[in-house]
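Letter by letter, the chains look like this.
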Amino acid sequence: MKPPPFDYHAPRSVAEALDVLAAEGERAKVLAGGQSLIPLLNMRLAAPGHLVDINRLTELAGVEAEPDGVRIGALARHAEVERSEPAAAAQPLLRQALRLVAHPVVRNRGTVVGSLVHADPAAELPAVLTLLGGSVRLARRGGPGTPAAGVSVSPEVPAGGSLTVRDVPAGDFFTGPLESAAGPGELAVSAFFPALPPRSGTAFREVARRHGDYALAGVAALVVLDDDLRITSAAVACVSAGPVPLLVEVTGECGHRPPASAGWAGAARAVQDRAEPEDDIHATAGYRRHLVGVLAERALRDAAREALNG
Amino acid sequence: MTTKLFGEPVRRREDPRLLTGRGRYLDDLGRDALAAAFVRSPHAHAVIRDIDVSAALDVDGLVAIYTWEDLPDRLAEPLPLLIPHPALTHGRTAYPLARDRVRHVGEPVVMVVARDRYVAEDACALIRVDYELLKPVVGVEEAAQSAQLVHDDVPGNVGAHMVQEVPSAGGLDVREVIEDAPHTLAFRLDIERSASTPLEGRGVYARWDADDSSLRVYSSTQTSTSVRMAVAAKLGLPLPKVEVIAPDVGGGFGVKIVHPWPEEVLLPWAAMLLDREVKWTEDRREHFVSSAHERAQVQFVRVGFDDDGRVLGLEVSILHDHGAYTPYGIIVPIITSTQLPGPYKIGSYRVEFSSVYTNTVQVTPYRGAGRPQAVFCMERTMDRIADHLGLDRTAVRAVNFIQPEEFPYDQGLIFQDGRPLIYDSGDYPESLRMLKELIGWDSFPAEKERAAAEGRRIGIGIGCYVEGTGVGPYEGGHVQVTSDGRVHVSTGLTSQGQGHETAFAQIAAAELGVPLERVSVVTGDTRRFGYAVGTFASRAAVMSGNAIALACRKVREKALRIAADALEADPRDLEITDGMVHVAGTPGAAIPLATVAVLSNPLRYAFDEEAARATQFAGASSFDKPPVPEGDEPGLEGRDYYSPIRSTFASGMHAAIVETDPLTAEIRILRYAVVHDCGNLINPMIVEGQIHGGVAQGVGGALYERMVYDGHGQLLNASFMDFLMPYATEVPHVETAHLQTPSPLNPLGIKGAGEAGVIPVSAVIASAVEDAEGIAIDKMPISPSELFDLRRAAS
Amino acid sequence: MAERTHDITLVVNGTVRRAAVPGRRLLSDCLRHDLGLTGTHVGCEHGVCGCCTVLLDGEPVRSCLTFAVTVDGHEITTVEGLADGERMSPVQRAFAECHGLQCGFCTPGFLCTVTAMLRDNPVPTEEEVLEGISGNLCRCTGYQNIVKAVHRAAEIMAEES
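Protein chains in written order, with this note's numbering: chain A, 1 to 310; chain B, 1 to 795; chain C, 1 to 161.
Worth double-checking, as some hints may not be accurate.
In silico lysine to any residue, SDA-like type, Cα no more than 25 Å apart, as pairs [claimed, not checked]:
1) A:Lys29 to C:Thr5
2) A:Lys29 to B:Leu739
3) B:Lys4 to C:Thr5
4) B:Lys345 to B:His388
5) B:Lys779 to A:Ile281
6) A:Lys29 to C:His6
7) C:Lys148 to B:Leu739
8) C:Lys148 to A:His211
9) C:Lys148 to C:Arg87
What the hints contain is simulated information worked out from the structure, not anything from laboratory work.
Fair warning: this is a prediction, and the values are worked out from it, not measured in the lab.
Assemble the whole structure, with the sequences as input and the hints as a guide.
The following block contains the structure:
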């Protein structure tokens, strides 16, 4: 189990990275934390001609918590985001989810943006981005675009070359199992996770075979209350429940009621009905569908409790 | 002796080396060796039409490519069938490289040798093998019914069929007894595949010395002496020109007892041919698809019993999945069928098994070796009897126990060593009493009720076993005291983490009366000890432990004789303490063992001052006899062998309390208790460690691990991502208690402990889940998804 | 055609080490085969078993999921670098004292992981210990004595600080 040969590129700047990606197109793969990509290379299930190692692009390493949300650079490791108090304060779901991502040692190396781009429907972070309505910022060479203003984790505009930057909303970013909107020549430079609205709470519940494994089913929940502490919005995003993270809006099922009398069971049923899990060697689709319902109810209740406590 | 060593939790002498990165495992050796890699079959069943290596020839760093057609003489023959048996009428083994047919995914087809493993894998990827696909035979029941054959000349895919029957005391056969019994039950049980999966895979490193025409082979093996004989035979080399060494081995658990693996003969051959060092280190994917698995059986049970739950007749029919080949014979199903009666007096017993070929990885022993299946069968049967009669599960077991005064107890069967299955000693009622106390069996119903009131489901389970350990034929030990007072112990069998360097040193130090620090132990190195069988079947401590003790006693006797001469004392008055031979009760009259070693070797030449005492003008004690008397040998050393009349029989009982989530069907082990009897303990710390590890593997087999084949014979979970070996977060804390009923069969009174922990775990967990859920559990392992399905089916 | 190599410099256990490696050389292989530090073991090469765990700038990482060239210029600590000369570290001593190893193959990964864990959290709870070592497989010990050893190492470190 050794990786196949490839041309290794170690760009010193985002511009340089984009140049390589532009030149090599589909033959190039971006290496960040490598915790998903290198196993595939070692098993020779992937054989990119060129590997663009962005680990020297320290300008992409930031985690910036702003009032409106958390922007996470492409080199920010899971562990760093998990430890970040400002990030946890702005959006607690990040830490709640990251604690469920693999094991601590993997989180020391793996990156948040990398796991979004990997787009595994069994992974936690794509569901989080989907639930929160976040986005991924993609940069590439050419085109007329410029970086959006007011964002600190962004590639510099290199002299003598044009750059296109686009923010792809989560709903459009995950296009299939292990498929994202990031195209050839594009580099995901950061992701943005909107902040937790006032009087709201989040939770992440999952069942995995072993601690740290990809979940058989998992549910991230967001519940928002109004001034009277009644539910104004409730939604979940599910992992392992379809080809992409499954977002289900359940405000109607919950009812405009205080959490104590909310229609959690109905909400859970609605989530179950929408889930499209598949059989695999670890669990049947029927069991996963059942789990999605159980976990949706548990996660929604937890999120509502957080909202009340917050 | 100043310190009691035998029976003490002495810290391991292996550890400083292993804790500081100075262990030497197979792949740590041969830094400059060429690397081998293999093209392995991607298909479960196919004819090889053509192999085209041309595209690989341009790879920079390629050294050689070999297919079956390149193999000379005996290498071109199938690998040996290690344990022939009359019931194995159709034993089949693989060629080192597939000849014209592949029978499982992972079978080696082409060997590539290159500068390093990266390059070797590059070349492998460029080799094109043209296969004509055949229908694969997957699953033991399909194999037994299918017209498709794994081996064209094995009708019905049945490699072996064997029956053993023990009629009732009144001479009735089992079927009659069951017919006439007050109660009868019949049911089916299933147990799935798992595997040893040591964290270090297999590996071979071969060095050919052309100047000396000799071969040195390092292998991550459980039997270096047998590998040596196989390599010499396959390569046509004189045995003295071949040495095999097992370096530090990163776990074995059974899979490394099989030999010679294809790589163990191919690598030495390539090293000779190329006159270069060559090394192969198995990677994880290879380990899953090209080593060995175990466990898969389907069992059909009929049992007749009386109102107290006494088993009057038991009839078991087993379909055993043997995979594609039978290199290790039918040891696994023989063990299942003979260890099935466990601690019980079964009124009459008939067991029959068919060992069936499938297009999957071959089946050879994995820790427990057929016993987990046996215990699953017997203990599920006990639980069903209890359930049927409305009796406590422990009461049914107790009424069937062999009683302490009934040993030696003859089960009337022929065991895996070809000898009568006669239990040496044990105390099963006491073991059960200790277990019930440890787990709180009698107070559990109240606990369960309280949990139920909180909406929680908990259940308790139990499993009992008897394990034949320390099987023959023999092991040996060599002990040498050198003139610096150091004691060098060697034995031929190998070590894979059992702490032999420590336990054997404890035995030697205790026997010889020397400080532990002066003793060093070498295992698994044919340069030091050539005659051995291997490390398996919980036999190392019993076999080599006793052999080393016997060798030490020879050395001690000689030391006392020489010292008596020097001290002008009667050897019967001498003892050895702290490395000094002295007259008991007379301080001052003493001679260091080091000096005795000097005197034991009459010299002409002095190599140091100490040695001068043994030279010819130093003053011989007597001119009436030759310097080396008749029947004596120079040197303070001894060699002896231990070859028991039959196996010892360790035993144990486990209990667990589990909790099942009423909604998610997750299964959590809340408590796990073990009462264990392996006779006298050499080092209780090491024995406990063996139990912990065994239980953890058992938990893996009960709740997490399985080999999932699809209908095409593809192993779907050939990685640690999907083969769910438990982490620390999945394994319960194990509470242990020891009972010691010494074995009367060997000088040290010990029985084996290596496999015990794993044996009853699936039975125990099934029992506990069944108790929690009120649903019959007759298939293991069980996952939350499967429990969910069982609940659905039951409601 | 010969594969292109990259000249890298690593500070391994406090010593500057140089190597010329292809881009695809895994850090685990670089340490073991290029630098001869075979204490770091390789058990799966897909990031699950944790045998290959080393400290990268002090943080435990999977060396089988890291290319050597990526960490050019960084500091690596392997099991060979944990002891203080001939004196084993508290974590190493605790593993010996508690029988926290059998075959020893997974041990270097555990030692590196635990060393970093106790540095960041000198008095971990039982749950924190389990979480901390949850990414390391051991096939021999059943983990019980490893967990015990982690607590014992914490004690030794407290006694000696």
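These are the hints, each one checked on the structure:
1. The straight-line distance between the Cα atoms of A:Lys29 and C:Thr5 is roughly 19 Å, inside the 25 Å bound, and the hint therefore holds.
2. In summary, the hint linking A:Lys29 to B:Leu739 is not supported, as the alpha carbons are separated by about 61 Å, beyond the 25 Å threshold.
3. Distance hint between B:Lys4 and C:Thr5 is unfulfilled; the C-alpha atoms sit about 59 Å from each other, more than 25 Å.
4. Proposed proximity of B:Lys345 and B:His388 is supported: the alpha carbons are some 20 Å apart, at most 25 Å.
5. Only pairs whose Cα atoms come within 25 Å are accepted, and B:Lys779 paired with A:Ile281 is accepted, the gap being roughly 16 Å.
6. Between A:Lys29 and C:His6, the direct Cα distance comes to roughly 19 Å. Compliance with the 25 Å bound is thereby established for this hinted pair.
7. Straight-line distance between C-alpha atoms of C:Lys148 and B:Leu739 comes to about 24 Å, which keeps the hinted pair within the 25 Å bound.
8. Taken as a hint, the C:Lys148 and A:His211 pair is honoured in the structure, with Cα atoms around 20 Å apart against an allowance of 25 Å.
9. Annotation: proposed proximity of C:Lys148 to C:Arg87 holds, straight-line Cα distance about 21 Å (limit 25 Å).
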